[in-house]
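For the protein sequence lines, the chains are A and B, in the order given. Residue 279 in this note's numbering is what sits at position 279 of the first sequence, and the numbering runs on without skipping anything. Residue 195 in this note's numbering is what sits at position 195 of the second sequence, and the numbering runs on without skipping anything.
A couple of the hints might just be wrong.
Example chain B residues on the side facing chain A (calculated, C-beta under 8 Å, incomplete) [unchecked claim]:
no.: 1; residue: Asp-5
no.: 2; residue: His-138
no.: 3; residue: Gln-139
no.: 4; residue: Gln-144
no.: 5; residue: Leu-181
no.: 6; residue: His-198
no.: 7; residue: Val-202
no.: 8; residue: Ala-208
no.: 9; residue: Val-219
no.: 10; residue: Ser-223
no.: 11; residue: Arg-241
no.: 12; residue: Leu-247
The hints are simulated quantities; they were obtained by calculation from the structure and are not laboratory data. We treat Cβ as the ideally placed atom computed from N, Cα and C, and that holds for glycine.
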Amino acid sequence: MDVIIRNLRIAFPTPQGESLAVRDVSMHIGTEKLGIVGESGSGKSLTARSILRLLPHNARITADELSFDGIDIQRASERQMRAIRGRRAGLIMQDPKYSLNPVMTAGQQIAEAWRAHRPNGARASHREALQAAEDLLAQVQIRDPKRVAGAYPHELSGGMGQRVMIAMMLAPDPEVLIADEPTSALDATVQAEILRLLEDLVSRRGMALILISHDLPLVSHFCDRVAVMYAGRVVEELQAGELARATHPYTRGLLDCLPTLSHQKLRLPVLVRDPAWSA
Amino acid sequence: MTTADMIDIRDLRVRFGTVEAVKGVSFAVARGASFGVVGESGSGKSTVLRALSGLNPAWTGHMEIAGQTLTRQRSRDFYRRVQMVFQDPYGSLHPRQTVDRALSEPLVVHGIGDIEARIVRGLAEVALPPTIRFRYPHQLSGGQRQRVAIARALMAEPEVLLLDEPTSALDVSVQAEVLNLLSDIQARRGLTYVMVSHNLAVVAHLCAMVGVMQGGEMVEMISADDLRAGRTKHPHTTELRTLSTELEEA
């Protein structure tokens with residue numbers, strides 16, 4: 001399974017003409033853990049979502065190549081896309097509070113994903129589907145899967161909710177997981193747990209992971225490779241262990257402006273944006 | 001408590017139904033100092049702040065601000081002296097009010113005159129361009145919105161600023177700008193800060209003293225220097241510190 005993006009451009013019409021949100025981004029993603037880092041508006045989510053063709057209706061996408069395991073996403077029919085979305089590529093979003101259905105139990109929601117995407121899933125009995133949901137909850141390290149399967153989203157904590165989301169995405173046994181800021185709504189301790197869990201599941205199942213975040217040190221901790229985006233472009237690509245050797249001033253700026261416990265900074269260095277970065 | 005203390009809290013308890021969310025928390029903050037409260041969600045850190053600010057009347061214990069004992073009913077003067085900045089700048093500004101309206105409201109409420117000049121000065125103090133004055137919140141970036149929220153809190157010339165996760169909804173580059181702004185304002189006005197956050201590095205950056213909360217109790221009070229040097233006593237503090245430094249070393 002390979003995702004290939006060559007010279008991807010995503011534009012939005014505005015009264016002042018077209019505004020380019022993603023400019024000539026190229027990426028080749030194999031079975032690996034790739035981090036995409038950037039600020040709000042840098043185009044990181046758009047780039048990742050273009051793989052699922054989940055973009056706003058008025059977005060204009062052009063690319064020399066945009067393919068998922070050889071399937072041309074720009075020309076694929078809706079039917080072909082449905083076979084990718086959810087089934088072969090899962091999307092985990094930021095806040096489980098908004099992405100879970102509030103009137104279905106966690107178990108029902110996972111069972112629904114399982115029935116919809118597993119071969120012969122639709123013919124399976126309710127009992128089988130619920131059993132599968134409980135197994136999945138156990139896989140995301142929920143201690144009491146039976147209780148959580150019967151719980152509604154408002155009865156779950158943020159970390160639990162995100163585990164339910166991950167279980168639901170794992171149900172169809174996808175080849176790629178796209179996690180769009182999966183832990184930004186969570187506490188520091190829970191954040192590390194969820195990312196460790198994701199990393200573990202991805203390695204164990206031989207999946208690819210695309211992790212989108214604005215937290216550079218966090219991402220590099222859990223990924224093999226990091227792409228840093230600024231104003232719609234990839235400005236730097238690094239092996240995760242080589243963060244200290246980042247050369248682009250934007251990447252350096254992102255690292256320097258974080259307060260740290262290890263050394264005290266009386267004043268935090270502020271990013272001075274060079275117009276040349278987005279030129 | 002010494003006379004220099006701006007805030008003194010002793011044995012604060014807050015109850016929601018049968019759950020005791022805050023179980024006897026005590027701390028004091030000197031005038032012009034910053035105190036940080038860290039903990040996970042549900043540890044009671046925001047509840048302490050809300051009880052102090054007067055947003056939650058269901059508390060028992062003893063709270064003093066500038067030597068005056070706080071009651072459940074607060075005076076108008078209290079709400080002028082103590083102001084709060086919330087986490088989410090999207091949620092804390094009225095979507096159908098301009099920046100001008102948001103900034104003039106505290107002045108009108110507290111009967112402070114000279115509105116025109118104060119708004120102009122207020123925007124300059126948080127480094128916002130004057131052109132922003134007649135815009136609506138949706139026309140601003142997240143960082144600009146949080147600056148407006150800070151400017152609004154400063155309008156009534158408070159002595160105490162309560163900061164509830166003021167930077168956790170912002171990008172790291174914007175977070176640095178807002179944290180610098182908060183230290184500048186404190187140096188200029190001699191304000192007393194209480195800041196709540198789940199990010200240990202952010203709290204230690206701004207506050208010389210940090211209280212760590214877990215399950216409604218303040219399990220440790222530690223200076224930022226001791227925290228940096230790793231002289232933690234409670235296992236929960238050690239755990240939070242390890243998490244924070246592990247990621248820095250990535």
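Results of checking the hints against the structure:
1. Asp-5: violated, 25 Å
2. His-138: Violated: closest Cβ of chain A sits about 14 Å from His-138(B), beyond 8 Å.
3. Gln-139: With a closest approach of 14 Å, the Gln-139(B) hint is violated.
4. Gln-144: violated, 12 Å
5. Leu-181: violated, 10 Å
6. His-198: holds, 5 Å
7. Val-202: Result: holds, 5 Å to nearest chain A Cβ.
8. Ala-208: It is violated, given that the least Cβ distance between Ala-208(B) and chain A is near 11 Å, above 8 Å.
9. Val-219: violated, 14 Å
10. Ser-223: violated, 12 Å
11. Arg-241: holds, 7 Å
12. Leu-247: This hint holds: Leu-247(B) lies near chain A, its Cβ roughly 5 Å from the closest one there, short of 8 Å.
Figure legend: structure checked against the earlier numbered hints; hints not met, in rising order: 1, 2, 3, 4, 5, 8, 9, 10.
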